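J.: Residues per chain are reported as follows:
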Amino acid sequence: MATSESPQLCGVLAEFETVDALLAAARRVREAGFARWDAHAPFPVHGLDEAMGIRRTRLPWIVLACGLMGVLVGLGLQWWTNAVDYPFLISGKPLFSWPANVPVIFELGVLFAAMGAFLGMLVLNRLPEWYHPVLTSERFRRATSDRFFIVIDADDPRFDRRGTSELLESVGGAVELLEA
Amino acid sequence: MSTAVIEEFDNTGVAPRQRAPLVLGEHDLASVTEAVCRVVERPKPPRAWYIAFAVSSAVTGMLFAMIGYLFLVGVGVWGVNNPVSWGWAIVNFVFWVGIGHAGTLISAILFLFRQRWRNSINRFAEAMTIFAVMCAGIFPAIHVGRVWVAYWLFPIPNQMQMWPNFRSPLIWDVFAVNTYMLVSLVFWYVGLIPDLATLRDRATTRIRQIAYGLAALGWRGSQRHWHRYEVAYLLLAALATPLVISVHSVVSFDFAVAQLPGWHTTIFPPYFVAGAIFSGCAMVVTLIVPARQWFGLRELVTRRHLENLTKVILATGSIVGYAYAIEFFTAWYSGNAYELFTFVNRALGPYAWAYWIMITCNVLVPQLFWFKRCRTNLVIMFIISILVNVGMWFERFVIVTTSLSRDFLPSSWDYYSPTWVDILTFIGSFGLFFTMFLLFIRYLPMVAMAEVKTLMPQAHGHGGKGGDHA
Chain U
0 MATSESPQLC GVLAEFETVD ALLAAARRVR EAGFARWDAH APFPVHGLDE AMGIRRTRLP
60 WIVLACGLMG VLVGLGLQWW TNAVDYPFLI SGKPLFSWPA NVPVIFELGV LFAAMGAFLG
120 MLVLNRLPEW YHPVLTSERF RRATSDRFFI VIDADDPRFD RRGTSELLES VGGAVELLEA
Chain C
0 MSTAVIEEFD NTGVAPRQRA PLVLGEHDLA SVTEAVCRVV ERPKPPRAWY IAFAVSSAVT
60 GMLFAMIGYL FLVGVGVWGV NNPVSWGWAI VNFVFWVGIG HAGTLISAIL FLFRQRWRNS
120 INRFAEAMTI FAVMCAGIFP AIHVGRVWVA YWLFPIPNQM QMWPNFRSPL IWDVFAVNTY
180 MLVSLVFWYV GLIPDLATLR DRATTRIRQI AYGLAALGWR GSQRHWHRYE VAYLLLAALA
240 TPLVISVHSV VSFDFAVAQL PGWHTTIFPP YFVAGAIFSG CAMVVTLIVP ARQWFGLREL
300 VTRRHLENLT KVILATGSIV GYAYAIEFFT AWYSGNAYEL FTFVNRALGP YAWAYWIMIT
360 CNVLVPQLFW FKRCRTNLVI MFIISILVNV GMWFERFVIV TTSLSRDFLP SSWDYYSPTW
420 VDILTFIGSF GLFFTMFLLF IRYLPMVAMA EVKTLMPQAH GHGGKGGDHA
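Each protein sequence line maps, in turn, to chains U and C.
Quick note: the first sequence, position 74, residue 73 per numbering that gives the first Met the number 0, numbers continuous.
Quick note: the second sequence, position 418, residue 417 per numbering that gives the first Met the number 0, numbers continuous.
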């Protein structure tokens, strides 16, 4: 633990210049058994999910559930308003005729599913997260432009101040210590 | 600001074994960032921007003045009469909504088809969609007559304890257009998040850092985040795709579900959707040909991108031409006297002038895009794109007014003319559109940087697959 004089170490940051270097480094970090770490890139890198061992997200199920909810809301809304609460008697047509209700059901299903995708993605990613220690690094600013990074948290059970830095340097990263 | 057309590298070739490059020039990841952010990061925009903004704001002011006048005095200030109870307002609504659909086609449908060339134009096109739908939404809201009860359009409890009739396409429209607006906005914003983070990280003033930082939601390019982001993006694209088809089909139902000859035909949904993509792609060309020149984006939005757009215009324009022919055939084949009369009336009656403008601009003019010279010449494609939009406006005008002005009973026939309020309101809507667009160009990155970077060789490892181009 840090004393009151020295700043607390949050993690170790390593910068890479190419996608290949990042992928190789990611495989090494994963093999070394780290769990609390992440890679950063200005765009999603193909092959990085496998290299990091990231599992498929549950988001599609959330979106499906939201879409079905939208469908039920659409169905319920039209049934209740037009057949129950104020029945529309139009030239002998049935009070509840679902074929005429399809457009609204469809649109509400799509709307709810889309909101589910958007909000689900944000919630699962824990965004917005306007502060993160990694954003204090000057070097890290290029993560959204043209450089690639690996960040290993100090909370990781296998974290060792010197050992982790050496590992990252050995795979070609320019290492920086992240302090809070 | 150079307006001379400089000779550019021609990447429009069709060589079967070679994929055409989509990013020209000696670009790397940093230079792509620089090329796009440079436009937004100028401390002051060029004087031309201020002049354009002043003009478009004034025109927007005129729009609001016309709407205010309409609310104060009533719908009588428009030219609508009996029997033509739908005039320019509905024509303008369909016109603007149609334009919006091409943006979603480029963003969503071309994404699903893995057409990578859409990566440099999708942000621009989707912005066009959002602003076009904003302009569209104004017209149904203001045209209702008793605008103080416009909330009756929605299923909101009211003093009569009545609800909308959900069997009517008019309420389907409310849900469809609102869904389309919200989903397009969400899709566009999700695409913006990583680029907003880029602007935040490059910000030199505190205000920009805070503004872009807030909007970027703290995005830091984490691959764990990218994983869910990519899934969300794909799902949004998959959801937006049926919206392109369904929303304009529902708009076409405003006409097709009615009984009027010339309206009550099953070809309307596909015909309207094709027409929407036709006019929207033309509007994208109209906007992007000057924008890429003035903002130095010719290496990211290349001749190949423009040529691909002209090919879509040609294809959808041909579908629209086919639909015109089939309508005539159906009218003849049906043996229905009213239907046949309506179409003969369109070509030879009092609105023949509008009909033939429509045919020239929509059927004849886009056929020029069969010629490579027309597909790659910037001036020709710019002029054709404007004529296409003129033609598409006239198409909606012809559909609405000819069927209404001369329907089943000759004693009800009358001619419709717009008033100055109709005309200025329409022009005003362009003011709103361009004002929003100028603000977009000023403050937001016009090109999706993160997406364009995935097309470049630097994005692919040596052991991995080569990138999909073209």
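Think of the hints as simulated: they come from the structure by calculation, not from any bench.
Note that this is a predicted model, so its numbers are computed, not measured.
It cannot be assumed that every hint is accurate.
[Stated by the list, open to error] Calculated from the model, a selection of chain U residues having no Cβ within reach of chain C, i.e. all distances over 12 Å: (1) Gln7; (2) Leu8; (3) Ser164.
[What the hints assert, rightly or not] Residues from chain C that face chain U, not an exhaustive set, calculated with beta carbons under 10 Å: (4) Ser30; (5) Ala215; (6) Tyr332.
For every residue, glycine included, the Cβ atom is placed at its ideal position computed from N, Cα and C.
J.: Next, verify each hint and record whether it holds.
T.: A quick look at each hint next to the structure:
1. Gln7: holds, 20 Å
2. Leu8: Its Cβ never comes within 12 Å of chain C, the nearest being 19 Å, so this holds.
3. Ser164: It holds; Ser164/U is separated from chain C by about 21 Å at its closest Cβ, greater than 12 Å.
4. Ser30: holds, 9 Å
5. Ala215: Holds, about 8 Å.
6. Tyr332: Status violated, d = 27 Å.
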